[in-house]
Amino acid sequence: MPRLTVALAGNPNSGKTTLFNVLTGTRQYVGNWPGVTVEKKEGKIRYKGFDIKIVDLPGTYSLNTYSMEEVIAKNFISGEDPDVVINIVDGTNLERHLYLTVQLLELGVPVVLALNMIDEVEKKGFRIDYEKLSGMLGIDVVPITAAKGVGITDLLERVTAKNSVGGKPAEKSRDGGMPGAEQTAFFEYYRTIQQEARDLHTEEASEDLIQARYDFIDGLLSQCLIKSKKEGRTLSDRIDTVVTNKVLGIPIFLGFLYLMFQFTFAWVGQPLADLLDVFFGDVVTPLTEELLQALGAAEWLKSLVIDGVIGGVGGVVTFVPLIFALFLFIAVLEDSGYMARVAFITDRAMRSIGLSGKAFIPMIIGFGCTVPAIMATRTLEDDRDRKLTMLIVPFMSCGARLPVYALFAAVFFPGNETNVVFSLYILGIVIAVIMGLIFKNTLFRSETVPFVMELPPYRIPVPRSLVLRVWDRGKEYLQKAGTIIFAMAVVVWFLSSFNLGGPADMADSLLAGIGKGLAPLFAANGFGSWEASVALLTGLAAKEVVVATLGVVYGLGELAGEASAQVGSVLPQHFSALSAYAFMVFVLLYTPCLAVVAVMKKEFASWKWTAFAVFYQLSVAWAVSALIFQGGRLLGL
Amino acid sequence: MTLDMAEPGQEYVLRGIYGGCKLRRMLLERGLTEGVKIKVIKSQPKGPIIVEFRSSRIMLDGMCARKIVVGTGQEGGFVSVESCGGKGKCNRRRAKGGWRNRGQDEEGV
Chain W
0 MPRLTVALAG
10 NPNSGKTTLF
20 NVLTGTRQYV
30 GNWPGVTVEK
40 KEGKIRYKGF
50 DIKIVDLPGT
60 YSLNTYSMEE
70 VIAKNFISGE
80 DPDVVINIVD
90 GTNLERHLYL
100 TVQLLELGVP
110 VVLALNMIDE
120 VEKKGFRIDY
130 EKLSGMLGID
140 VVPITAAKGV
150 GITDLLERVT
160 AKNSVGGKPA
170 EKSRDGGMPG
180 AEQTAFFEYY
190 RTIQQEARDL
200 HTEEASEDLI
210 QARYDFIDGL
220 LSQCLIKSKK
230 EGRTLSDRID
240 TVVTNKVLGI
250 PIFLGFLYLM
260 FQFTFAWVGQ
270 PLADLLDVFF
280 GDVVTPLTEE
290 LLQALGAAEW
300 LKSLVIDGVI
310 GGVGGVVTFV
320 PLIFALFLFI
330 AVLEDSGYMA
340 RVAFITDRAM
350 RSIGLSGKAF
360 IPMIIGFGCT
370 VPAIMATRTL
380 EDDRDRKLTM
390 LIVPFMSCGA
400 RLPVYALFAA
410 VFFPGNETNV
420 VFSLYILGIV
430 IAVIMGLIFK
440 NTLFRSETVP
450 FVMELPPYRI
460 PVPRSLVLRV
470 WDRGKEYLQK
480 AGTIIFAMAV
490 VVWFLSSFNL
500 GGPADMADSL
510 LAGIGKGLAP
520 LFAANGFGSW
530 EASVALLTGL
540 AAKEVVVATL
550 GVVYGLGELA
560 GEASAQVGSV
570 LPQHFSALSA
580 YAFMVFVLLY
590 TPCLAVVAVM
600 KKEFASWKWT
610 AFAVFYQLSV
620 AWAVSALIFQ
630 GGRLLGL
Chain X
0 MTLDMAEPGQ
10 EYVLRGIYGG
20 CKLRRMLLER
30 GLTEGVKIKV
40 IKSQPKGPII
50 VEFRSSRIML
60 DGMCARKIVV
70 GTGQEGGFVS
80 VESCGGKGKC
90 NRRRAKGGWR
100 NRGQDEEGV
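So the sequence lines, in the order shown, correspond to chains W and X.
Under numbering that gives the first Met the number 0, the first residue of the first sequence is numbered 0, with each subsequent residue one higher.
Under numbering that gives the first Met the number 0, the first residue of the second sequence is numbered 0, with each subsequent residue one higher.
Keep in mind the hints are simulated off the structure, nothing from the lab.
Just so we're clear, the structure is a prediction, and the values are computed from it rather than from any experiment.
Just so you know, not all the hints are guaranteed correct.
Claimed, not checked - Subject to a maximum C-alpha distance of 30 Å in a straight line, what follows is the list of computed DSSO-like cross-link-like pairs (lysine-lysine): (1) W/439 with X/41; (2) X/21 with W/40; (3) W/73 with X/45; (4) X/41 with W/123; (5) W/122 with X/41; (6) W/39 with W/147; (7) X/36 with W/122; (8) W/601 with W/439; (9) X/41 with W/245; (10) W/245 with X/45; (11) X/21 with W/439; (12) W/226 with X/36; (13) X/36 with W/131; (14) X/41 with W/226; (15) W/123 with X/38; (16) X/45 with W/226; (17) W/600 with W/52; (18) W/122 with X/38; (19) W/439 with X/45.
Extracted from the complex, chain W is given alone in its bound form (with noise of 0.2 Å):
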């Protein structure tokens, strides 16, 4: 069978994903390119005898190397040699997205011009004359609406004709485009910009290049399309008005915020993940119980089963649901366009800590949840930006805290409970503000980017590629849930009932041992007891679960609903309130949790980097709450 590699070319906001996914479904690869961050997505299709394989190249504005998208776009073509490349255009904006299509031909590849959302083009009573834009770049042009997969079987077979000539890919003519394009505008102008090369010496990218190709964009559109009705405000321009004011801005942004908070952690998200909880707790539990009695199971295999995996693996893929409904939100305001607003807000308080409005999505994702927060930093197109930001955005509070600030809050500052964990939130925002400073003006000092982004027309979601991208995304969490996060319940379980003699108490385990080990570590922070250091150290596995391993090293036994109330009544013979402090303020700012570390590896696709910054929470950590701790005591606290 016929074997194809088709690239799929386009700039953002072009409807490039949209297309890919009403191409390939779900039959789709998602991987990265070697080496980046940057997402690369494979899709296998079948059509009239070919096998076809679809790889979505990064949306580029043009093929240089100033960004790593284009680098990639730009090898993936000139170097995999793609037997067609697709390139789709918002056929609302051919002014500037011809210009990709013209860098394309320009190197020589078999294009394929899709242009997308023709539906907008008539409603906006625009007349492109297809045939006469095809004659004159010399390729084939198939208007399309890839968001309601209209003129995809007529892209399919364009692509596939292109090929079957005798039954093997046509031949590729490195000069001028398509073989038999001599009298095209396209080579016409081809053949003035190699002459004006070779007379001026310079570079292919001059400026006057650039020049040259906008001006033969601007000459072929004004022979292929006319824009009948004189373009009046828009919807788009009404909200915009509204949305990006002044004083009405901020506002209507912290309502969406709400919102958001709302659908996940009320409405939707938390719903479902209790339902699942009670299921972990009352169906899964019980008769893995069961089954593992009738079995015969022993003793130990049982609590490996039902407290290592069910319990580690079960209290992890209850925030699912959590993170499926967030996506599901964020999807909503990207795909809408709102997000681009988003960051024209607030883009001049982030600039103060060397970051654009757009990081600032990711940080606020945190409060919720830090795993999905560092997965939203994707959406940042500069590898800088991107880092920045996840290595800051861990000191959000996540919810996944609040439970022990809950406990120590009501048993050491009783009547301001609020105030505390309110100045928790706060001291994690400014940790963060004081690090993206540092950051700046440090790791990060040379690189300064100019900040340009396109804001897409406000469209309505398609529901079909909402659905993809938030399965793509949950999808990885629960590889996560699978694999690392399974290993790590299994090895924190098996340290936490074995010595090296065989079963122990929690007392007297591998965990409890290694807690004595770290202890002295935490002297300065006012908490130096190994159950401190053991529910810390716990915590890496969710921070959650701090509370709980509290109530089991202070002796109290597994303890479900009721531990909050009993290990409050404890601790008071083990902290004071200084040093409880000192203890939450540990607790907010080192690293999350292992989900966090994971994700972490996964974006930053480098383990220096993973390591690096859990190694600088876990500093900034320490350094900080031993600095609350010993100003207090100074202060005679």
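Based on these hints, arrange chain X on the given structure of chain W.
Positioned in the frame of chain W, the structure of chain X alone reads:
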């Protein structure tokens, strides 16, 4: 004048961009070529600003806006403060429109 001082709602003509090659080329490739019509949608003192050109709407940070020279289209002649002649280096080109080279020390992209 530069784009950061432009009036919202007005349409201007791009006369030139100063700054390093990288910024210039990036903006050029996005379609900010000489003579292109730019409509200012939203502006604020230190940026960012929103502009519209070639049927697309772009947000520019304050730094970019300060480096884009626009006019009303009556002036004639383009301002080309610096140019990337080739071989990846910045070659300064004499300004054709008599624009004083204000941006010289702002380079650094």
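These are the hints, each one checked on the structure:
1. At roughly 28 Å between alpha-carbon atoms, residue 439 of chain W and residue 41 of chain X fall within 30 Å of each other, so this suggested pair holds.
2. Under the criterion of a C-alpha separation no larger than 30 Å, the hint pairing residue 21 of chain X with residue 40 of chain W is consistent with the structure, at around 29 Å.
3. Of the supplied pair hints, the one linking residue 73 of chain W and residue 45 of chain X is violated, its CA atoms being roughly 35 Å apart against a limit of 30 Å.
4. Proposed proximity of residue 41 of chain X and residue 123 of chain W is supported: the alpha carbons are some 23 Å apart, at most 30 Å.
5. In summary, the hint linking residue 122 of chain W to residue 41 of chain X is supported, as the alpha carbons are separated by about 26 Å, within the 30 Å threshold.
6. A hinted pair counts as satisfied when its Cα atoms are at most 30 Å apart, and residue 39 of chain W with residue 147 of chain W qualifies at roughly 24 Å.
7. Restraint check for residue 36 of chain X and residue 122 of chain W: the C-alpha separation of about 24 Å stays at or below 30 Å, so the hint holds.
8. Pair hint residue 601 of chain W plus residue 439 of chain W holds up; C-alpha atoms about 23 Å apart against a cutoff of 30 Å.
9. Among the hinted pairs, residue 41 of chain X with residue 245 of chain W is consistent with the structure: their alpha-carbon atoms are about 10 Å apart, no more than 30 Å.
10. Between the alpha carbons of residue 245 of chain W and residue 45 of chain X the distance comes to roughly 13 Å, so the proposed pair stays at or under 30 Å and holds.
11. Of the supplied pair hints, the one linking residue 21 of chain X and residue 439 of chain W holds, its CA atoms being roughly 21 Å apart against a limit of 30 Å.
12. For the proposed pair residue 226 of chain W and residue 36 of chain X, the alpha carbon gap of about 16 Å is at most 30 Å, so the pair holds.
13. The suggested pairing of residue 36 of chain X with residue 131 of chain W holds, with an alpha-carbon distance near 26 Å, which does not exceed 30 Å.
14. For the given pair, residue 41 of chain X sits about 25 Å from residue 226 of chain W by alpha-carbon distance, which is consistent with the 30 Å threshold.
15. Distance restraint check for residue 123 of chain W and residue 38 of chain X: the Cα-Cα separation of roughly 19 Å lies within the 30 Å cut-off, and the hinted pair is therefore satisfied.
16. Distance check on the hinted pair: residue 45 of chain X and residue 226 of chain W sit about 35 Å apart at the alpha-carbon level, beyond 30 Å; violated.
17. Taking the CA atoms of residue 600 of chain W and residue 52 of chain W, the gap is about 28 Å. The hint holds against a cut of 30 Å.
18. Proximity of residue 122 of chain W to residue 38 of chain X is assessed by CA-CA distance (about 23 Å); at most 30 Å being required, the pair is judged to hold.
19. With a C-alpha separation of about 20 Å, the suggested pairing of residue 439 of chain W with residue 45 of chain X holds against the 30 Å cut-off.
The structure does not agree with the numbered hints 3, 16 stated previously, though it agrees with the rest.
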